[in-house]
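Using the sequences provided together with the hints, build the complete structure.
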Amino acid sequence: MSQPDSSSLLLDAGHVTIRFGGLTAVSDFNLTITPHELVGLIGPNGAGKTTIFNMLTGVYKPTEGTIRVAGVDTKDFKPYQITALGVARTFQNIRLFKDLTVLENVKIGGHIHYAYSPTAAVLHTTSFREAEEAADVEARELLKIFNLENRAGYYAKNLPYGDQRRLEIARALSAKPKLLLLDEPAAGLNTGETIQLMDKIHEIRDRFGLAILLIEHNMELVMGICERIFVVSYGKTIAHGTPQQIQDDPVVIEAYLGEPATVER
Amino acid sequence: MRRSSLLKSWWVRDLLGLLIGIGVLLGLSWVLQRVPIVGIAYYFRIVILIGINIILAVSLNIINGHAGQFSMGHAGFMAIGAYGSAYLTFFFFGPYVDKFPEGTQRFVLQNVLFLLALILGGLMAAVAGYLVGLPSLRLRGDYLAIVTLGFGEIIRVILLNVEKLGAARGLSGVPPWGNFFWVFLFAWITILVSMRLVNSSVGRAFLAVREDEIAAEAMGVDTTRYKVRAFVIGSFFAGVAGGLFGHYMSYLNPAMFQFVKSFEVIAMVVLGGLGSISGSVVAAIILTFLPEGLRGVKGWLNTSADPRMVLYSIMLIVLMLTRPQGLLGRKELWEVLARRKDTVQKDARDEEEGKMDRGSGPSIDA
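Line by line, the protein sequences are chains A and B. Start counting the first sequence at 1; every next residue gets the next number (our numbering). Start counting the second sequence at 266; every next residue gets the next number (our numbering).
These are computed hints drawn from the structure, not numbers from a lab. Do not rely on the hints blindly, as some may be mistaken.
Said to hold, decoys possible - DSS-like mimics (lysine-lysine), calculated; alpha carbons at most 25 Å apart, straight line:
#1 K78/A <-> K200/A
#2 K200/A <-> K176/A
#3 K596/B <-> K157/A
#4 K563/B <-> K98/A
#5 K157/A <-> K178/A
#6 K75/A <-> K200/A
As the list claims (entries may be wrong) - Short, incomplete list of chain A residues facing chain B, as computed with Cβ under 8 Å:
#7 F20
#8 F77
#9 Y80
#10 R89
#11 Q92
#12 L100
#13 I108
#14 A121
#15 T126
#16 S127
#17 A131
#18 A175
Where a beta carbon is used, it is the ideal one built from N, C-alpha and C, also for glycine.
Spelled out as structure tokens, the structure:
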């Protein structure tokens with residue numbers, strides 16, 4: 001694979017390190033993503049995958065290193081500003097707005113595109129009407145993609161687990177991201193649902209022209225859809241390559257299964 | 266579109282609504298002041314206090330109920346609005362109006378200046394809301410509650426020491442310009458603003474902040490900005506309520522704005538159901554009327570001690586025990602009523618809700 005020049009990179013994380021007190025959670029992590037790519041991030045539990053997501057989305061500030069989104073250094077950016085740059089995410093332990101309806105959840109996802117002043121909201125100006133109509137149309141469209149259109153009026157907390165997972169993706173897509181970060185989208189789904197999800201991820205990637213970075217423990221899903229895979233263990237990148245390369249990498253096998261036993265004589 | 270182009274224009278319809286509202290209120294206040302019943306003035310007074318409390322409860326509901334920021338400083342914002350507007354009318358507008366002879370000109374001038382004083386008082390409170398909001402909104406939950414409580418007390422203690430505003434003696438002789446019309450006009454505006462906000466991207470951002478700040482930030486909501494906005498809007502109306510209160514009472518005293526006053530408003534919001542606008546209104550009516558309505562109990566029991574505040578407290582406790590989510594929960598009155606009506610249409614949504622309400626639904630936190 002030839003390395004593309006930096007200007008076309010959607011995401012460019014270089015030498016990213018974060019320490020919590022004496023603990024180095026992630027050290028010298030490097031990641032580049034070009035538009036329309038499907039990249040997987042895998043590793044054993046506690047390897048620092050979600051910490052990497054949190055740094056990419058501005059929840060944590062890296063101790064060292066730089067993260068560029070579409071060429072912009074996000075050092076002093078707050079999470080909502082990074083979202084505005086075109087990065088949206090889902091959460092490992094579903095963080096929906098539980099007491100709001102499915103439709104409201106998706107509309108909040110599109111907040112940056114449909115925000116207007118409180119004055120416009122109170123006076124019901126033309127800009128308010130146009131924005132609300134557009135938000136409604138787009139939100140319902142997204143719900144349709146995820147087969148949730150009949151549940152628009154439900155409270156998010158009352159959806160079955162699988163629907164909640166899909167609603168979270170719909171909500172993230174509502175922000176019209178260029179890069180979508182999915183944190184264990186298949187966690188808790190059964191095999192059938194996981195296969196559906198794989199198709200869905202492909203579909204939304206093509207439909208919206210996104211790049212997707214996903215964390216996943218389900219190897220079937222990761223190997224099945226990702227074009228490139230990063231493997232982290234104890235905060236370090238231990239391997240990087242195509243699914244086939246990763247599967248055959250002895251270092252990866254070791255990280256997952258442990259060292260082969262040697263018999264001492 | 267079916268509607269005529271003139272009615273489609275947003276400002277024409279809003280203006281029309283406003284004019285009709287003003288007409289109805291003027292008619293109502295004209296009628297109410299002429300009801301020939303002995304002792305009606307007492308009930309009239311309760312009605313006006315209900316109106317003021319509606320403004321306070323609905324405005325606090327924006328901060329506590331919608332944006333989920335637990336503020337205990339509402340009495341402080343109210344005090345700023347009350348003293349701010351009273352300062353203007355007592356020292357400037359009142360004496361100016363007094364120069365005019367009794368008549369239409371004076372009447373119009375008085376009300377225009379009163380409106381100006383109310384809005385300026387509200388703006389002063391809004392500025393205070395902004396100043397308090399900005400640094401303290403980094404805090405959450407209990408910590409924010411303590412800071413806002415402290416703020417309210419600071420305002421009161423400052424007022425207690427400003428000689429020009431009467432200090433501990435209080436400020437008597439505030440022009441008695443507050444009346445039924447102005448109180449309910451602003452109650453109506455407060456409700457309207459609050460309802461329109463909550464059904465907009467601004468309101469959805471408030472709700473998102475309340476539900477989950479981290480997720481809200483990840484969805485592009487500038488949480489600090491929206492928290493401050495909720496504070497500014499809420500404290501503006503608290504300030505207006507203060508102005509109306511002062512000009513209705515015609516007397517102000519810092520003791521009126523002790524933290525107990527904040528708690529009274531919090532009780533209304535919580536009792537009505539955090540986040541429910543109509544709930545706040547209903548609770549404001551009940552909690553304003555109850556202490557007065559219970560005065561009769563003393564007569565029936567034929568005791569020398571007045572048990573009304575004890576009964577009031579017991580009723581509050583019983584209400585909160587039986588309905589911890591508040592009278593209306595997070596729903597609005599019409600949503601609750603609509604649900605009663607079409608039981609036929611009870612679909613899975615209701616069923617699921619019922620399940621969740623009993624706490625036996627599947628937990629997604631696991």
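Hints numbered earlier in the text: which of these fail when held up against the supplied structure? 1, 4, 5, 6, 7, 8, 11, 16
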